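Below, each chain spelled out in residue letters.
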Amino acid sequence: SQQGEEDPQALSIQEGENATMNCSYKTSINNLQWYRQNSGRGLVHLILIRSNEREKHSGRLRVTLDTSKKSSSLLITASRAADTASYFCATGMDSNYQLIWGAGTKLIIKP
Amino acid sequence: DTAVSQTPKYLVTQMGNDKSIKCEQNLGHDTMYWYKQDSKKFLKIMFSYNNKELIINETVPNRFSPKSPDKAHLNLHINSLELGDSAVYFCASSQMEGGTEAFFGQGTRLTVV
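Keeping their order, the protein sequence lines are chains P and S. The C-terminal position of the first sequence is numbered 111 in my numbering, with every residue numbered one higher than the one before it. The C-terminal position of the second sequence is numbered 113 in my numbering, with every residue numbered one higher than the one before it.
No wet-lab data here; the hints were simulated from the structure. Just so you know, these numbers come straight off a predicted model, no measurement behind them. Some clues are possibly wrong.
As the list claims (entries may be wrong) - Cβ-to-Cβ under 7 Å is the rule here; a few derived chain S residues that face chain P:
id : residue
1  : Lys41
2  : Ile45
3  : Phe90
Where a beta carbon is used, it is the ideal one built from N, C-alpha and C, also for glycine.
With the rest of the complex left out, here is chain P (with noise of 0.2 Å):
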């Protein structure tokens, strides 16, 4: 069952620019996850914020959660052409075994 849906589904920037993606979800989560997806591979995952977090950062990237809202944003700082993939979001419960995924968000980093 999908519950994440990520905004915008499709996002072109230049090199340089600030790349900011929204994932939506439906349900009660302990935490939500964002994976990058680069064409032909498989999934990595970048960060993990826990349900009583509000901000969490790693490198250039800075991931907000707005549980009141049930919302979250990844913020990719400074893009680089190698930033370009396509971007997931997954909420997680820790007695559930599995995450619920959104569509994902492609990003392309002109150069």
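Given the coordinates of chain P, work out where chain S should sit on it, guided by the hints.
Showing chain S alone in chain P's frame:
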């Protein structure tokens, strides 16, 4: 060194055939998954195993049968392949259930002709 490896990477086969995709993880994780990613990139869970036991079995045709000989392996066998089975199949593992990150294999692109 590969944490989650699945084989083959590409699989082209005719309708009606039976095929298997193998998956192995060397991370010591208890939970393994099979996902199907369609042409629109939507990721759908098919099965989840925890310590060799089936935990999740989403609405998947019974032509798909997972087999977990031990907790490091989760293979996917598909009988009587259909055109609609064409997709990329991903194996993944995690330390425990939905509370931790998942590690993905590189995917198997299945094309049924």
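For each hint, the structure was consulted:
{"no.": "1", "hint": "Lys41", "in the structure": "holds, 5 Å"}
{"no.": "2", "hint": "Ile45", "in the structure": "holds, 5 Å"}
{"no.": "3", "hint": "Phe90", "in the structure": "holds, 6 Å"}
Comparing the model with each numbered hint stated earlier shows that all of them hold.
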